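Quick note, the sequences are listed as chains C and X, same order. The numbering used here puts the last residue of the first sequence at 294; the count rises by one with no breaks. The numbering used here puts the last residue of the second sequence at 594; the count rises by one with no breaks.
No wet-lab data here; the hints were simulated from the structure. Note that the structure is a prediction, hence the values are computed from the model and not measured. Yeah, the Cβ is synthetic: ideal placement off N, Cα and C, and Gly gets one too. Among the clues, some could well be false.
Here are the simulated distance ranges between beta carbons [as the list claims (entries may be wrong)]: (1) Trp284/C / Lys513/X: 50 to 58 Å; (2) Asn296/X / Asn128/C: 26 to 34 Å; (3) Val57/C / Gly358/X: 47 to 55 Å; (4) Arg12/C / Lys513/X: 55 to 63 Å; (5) Arg12/C / Arg424/X: 17 to 25 Å; (6) Gly205/C / Gly358/X: 43 to 51 Å; (7) Thr13/C / Arg493/X: 37 to 45 Å; (8) Ser233/C / Thr305/X: 54 to 62 Å; (9) Arg292/C / Lys513/X: 38 to 46 Å; (10) Ser430/X / Val57/C: 36 to 44 Å; (11) Arg473/X / Met58/C: 29 to 37 Å; (12) Thr305/X / Arg12/C: 35 to 43 Å; (13) Thr13/C / Gln297/X: 20 to 28 Å; (14) Arg12/C / Arg493/X: 20 to 28 Å.
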Amino acid sequence: MTEGVIYDRGYRTYEGPRRGPAGARRAVYKEGLRRVFGLGRKARAKIFPWSMMVIGVMTAIVIVGLHFAIGQAVGDAAPVELPRYADLFDAYSFISLIFIAYAAPQLLIPDRTNGVLSVYFSRPLTVNGYLGAKTLAYASVVGALYIVPQVLLHLGLGMISRDGFFSYMTDNLDILWKVPVTTLGFVAMHGALAFFFSSFVKRPGIASASFLGTILGANIVADQFARVDFPGSRFLTLIAPDQHPRIIRDFLFDRQGFFPATEAGFDAWVSAIVIAVFTALAAWFVHSRYRRLA
Amino acid sequence: MNQVVEVSNLTHDYGEVVALRDLDLAVPPGITGLVGANGAGKTTMLRILLGLLHPTEGSVNVLGHDPEAEPLEVRARVGYMPEVGSLPLDQTAADFVAYTAELAGLPPREAKRRSSETLFLVGLEEERFRYLGDFSTGMRQRVKLAQAIVHDPDLVLLDEPASGLDPEGREQMLDLIKRLGQFDINVIVSSHVLPDIERTCDWVVMLDAGNLLRSAPLKGFEKDSTVLAEVLERPEELAAMIRQRGIEAVVDGLRVVVGPGEGLEDAIVGAAARLGTGLVRMTRGSASLEELFLVNGGKA
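Could you put together the complete structure from these sequences and hints?
Here it is, written out as structure tokens:
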């Protein structure tokens, strides 16, 4: 017969380093990433976000494959212009919208509905620190959804380029800032709206539906304002949030798109201002809301 | 000895409603009970100590820091266990407690190690990798306690820690709180269940509708207890003699309830000797916190 011994390890004091508010913000950021990707959660929490990432990557791989296959078959005599960087934003725009509609509520709503904010704010963590870390987590995951496929596309096009990889890279240096700036526009515009709904709606599903409904509904309404003519109607074409990052993208990639705001005579600078104003208003609203909750 | 908490002229109002009114108190090291009925101002007091609410008037000092001016310094050294909710049900206990340790500034590896140790301490070592949504109420309360102490705070604020627990769970929670005192962790326990405070605390702060009724050691409450004296004859005369010394005495048959006050036994023995009556027995009745609270005007 074996004899068991119970050890009471008791309580040990901690004399090691304490990282203070910076450590707390880092923890919120890291936990935000884990929550969005379902890490440390049950398997079903991982299915949706990872599927979206895989679809985003696959989209880029398919485009590179198209370039390669058509380039092999017909060389430079391709009958249509093949999709490139600017088109890739369109190719997975629906995926990114769905992903944002999922990610933003996941970052904000469970902490409120589970009542854990009282624990978090009893630590060396301010409202600004908490919201800043959540925003950074959102920007990281959504930015990755936009950037990773673009990086794959860039590397893929470089590898199949007839001029050689390094030559392609040096010839397309502008991509290195155009893609991030365009991504910033999408991330900021959609994030502002998604965080706005997620800051006061209690159920993630309702926040997601409100976000998507507003994006789609505002596009339709703005389109109607572009068709009518009454005093001030042209300014109402600006209310569709989704068009503004696309207008900036078209400006940067030297393309001509048709959107209610451009039809009404507004240019990319106006869209940049609209994004900044939307983002500032959403930040103010979310911050005010969390000041009351803390 | 440095005080853990010092409060001077503290007033806090929510507009028309005054939650705390002109409080002056000092809380010594050890386990302190914060007692009061619902709405007495206990949670407001805890939130002020954490720097989450600012006093309308007066000053507060927690562990040598002003929580209004240095809230982050205070919160780095204080643990807090809220009364309601406060657990992410889709996380494992180990992940959540480690996360709260990181929120307090501990490096990730250290946070994980202390998470395991603390969950062991509260009796959840076997269950630490289970999701919190699968936990019973008692287990969840223990996780909440674990997150409050995982970062080795100097002071722990527990808001109704035994709330919603069955008798067995309540016993376990009270034992855990008493153990914190043995580990030299200062604790302030807010509760409206007075026997819980009596069992666990060294010091008690009584609040009633925002007013301070009492801030004193629990042992000192003995001076508020009464003595029951049973005599062979002439209880009325014995009571009268005791009353002449300014001590309250109430006759109930052959028994006389004397007090509260100090030196009761001496007064009874002296009066009985002068009267020449025989004392059958003399019993000191320990006044319960609840009785004292009711006497002081509270409605626990």
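message: Please list, smallest to largest, the hint numbers that this structure does not respect.
response: 4, 7 and 11
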